[in-house]
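Colleague: Chain residues, written in single-letter form:
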Amino acid sequence: MKSHVVLAALAATLAATSAFAEVAPTEVTFEEGAVAQSLTGTAGNAEEGSKIVANRALGNCVACHVISANSADFQGNIGPTLDGAADRWSEAQLRGIVVDAKHTFPDSVMPGMFKTGPYIRPGDAYTGKAAPADLPPILTAAQVEDVVAYLLTLKE
Amino acid sequence: MTLRTRATMFAAAAALACGFGPAMADPAEAELVVNEDITITTKAPAAAHLEGHLDTVYSGWLFREAETRKMQMDDFDNPMFVYAERGQEAWDTVEGTEGKSCANCHGDIAEGMKGVRATMPKVNAAGNLWSMEDFINDCRTNRMGAEAWKWNSDNMKSMTTAVSLQSRGMPVAVAIDGPAAEFWERGKEMYYTRYGQLELSCASCHEQNYGNYIRADHLSQGQTNGFPLYRLKDAAAVSIHQRFVGCIRDTRAETFAAGSQEFRELELYVASRGLGLDIEGAGVRP
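Line by line, the protein sequences are chains F and Y.
According to this note's numbering, the first sequence holds residues 12 to 167 in order.
According to this note's numbering, the second sequence holds residues 282 to 567 in order.
Just chain F, with the same shape it has in the complex (with noise of 0.2 Å):
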């Protein structure tokens, strides 16, 4: 009984600290294009990833990537397919890509999905007018952890 509450209180404390513990984008440590530390603390849910690699609000990856898994419509080919992405790359090198591809493909034409700039004229969202001074990054830290679970299911 008691140690049931101590139990319960150890999780909400850690449940706590985790969130509290939540990386932001500027802190983000890149090691060869990788991070390996969670954003968040927490595994990332891939279902949900799988909606925001489709939305065209959030990560619109397949705007640019082929997902065949994905039922999203019209997927652009600018990138390479993400089929079997999982096999290909370990999941610090994922979340290194989706935070911010150009620390793995330099000039590359892929978005930063976790950064704050900086940017030249960055604009609110889609709307062609200046962005507030505190632009939010495209996905928040557990947006990019639901992203990386979901590439990690990416097996040919």
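Among the hints, erroneous ones may be present.
Sample of chain Y residues facing chain F (criterion: CB under 7 Å; computed from the structure) [claimed, not checked]:
| # | residue |
| --- | --- |
| 1 | Tyr476 |
| 2 | Tyr494 |
| 3 | His499 |
| 4 | Lys514 |
| 5 | Arg533 |
| 6 | Thr536 |
Hints were generated in silico from the structure; no laboratory data involved.
Ideal Cβ positions, reconstructed from N, Cα and C, are used throughout, including at glycine.
Given the coordinates of chain F, assemble chain Y onto it according to the supplied hints.
Modeller: Chain Y in isolation, oriented as in the chain F frame:
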């Protein structure tokens, strides 16, 4: 290997592997002959200044579906002719305090405006870089005593359409040297600047990735020789600067305004990437 060919190969492999994926889509092998009469050059060797960037330049027309291409091949099917007719009417209409129409000074539009569109934008007598819209408004305000038209108004688009048609089938002829050089240089810098939160330049889409698909859109080289053009999606005519606004907005950037100095300079540079192509007068796009 360029990014473009690499991405194309990956995609080709994907399409082979699973029989699924975006259609492979190079520019169409097609000829643009309007009204079975006017042949328009839509593919040409790139100008010398594009060496190392592009070998061949293609009109956006070649990247559209056969159905859309066809609409531009017959003036009866081309929705821009509604604008052209209104423009022609305005050409002959007296307006403003001076009691003049465009025709009073320039005569028949077919004579007075022949070849004009092909040279736009260009440096005016005072040394400023002007788009066609600026020249039109200068005549309206200073010579006719009429009100200026808004850049993207129906009146302005109707007039630019009527004037552009008088250069249909003539090669793009913008000057990029002499007094135009400094404007052209700044336009070029803009073309390669990666704007917005998506950090994409014009070149990211229209030089590195033309022929590829970005979601549902088949990317062309982003040439301006077809403007002003009808956009079926908007059910309206679109000006060059209006298209620039849309493309920069799509990089999650703060855009520049239609009619801004920046866009005049970008317009000159982009027009010069189309040297070798013909003016289409009034294009049709999806």
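Colleague: Each of the hints needs a verdict: does it hold here or not?
Modeller: Here's how the hints hold up against the structure:
{"no.": "1", "hint": "Tyr476", "verdict": "holds, 5 Å"}
{"no.": "2", "hint": "Tyr494", "verdict": "holds, 4 Å"}
{"no.": "3", "hint": "His499", "verdict": "violated, 10 Å"}
{"no.": "4", "hint": "Lys514", "verdict": "violated, 14 Å"}
{"no.": "5", "hint": "Arg533", "verdict": "holds, 5 Å"}
{"no.": "6", "hint": "Thr536", "verdict": "holds, 4 Å"}
Violation of the numbered hints given earlier is confined to hints 3, 4; the remaining hints are satisfied by the structure.
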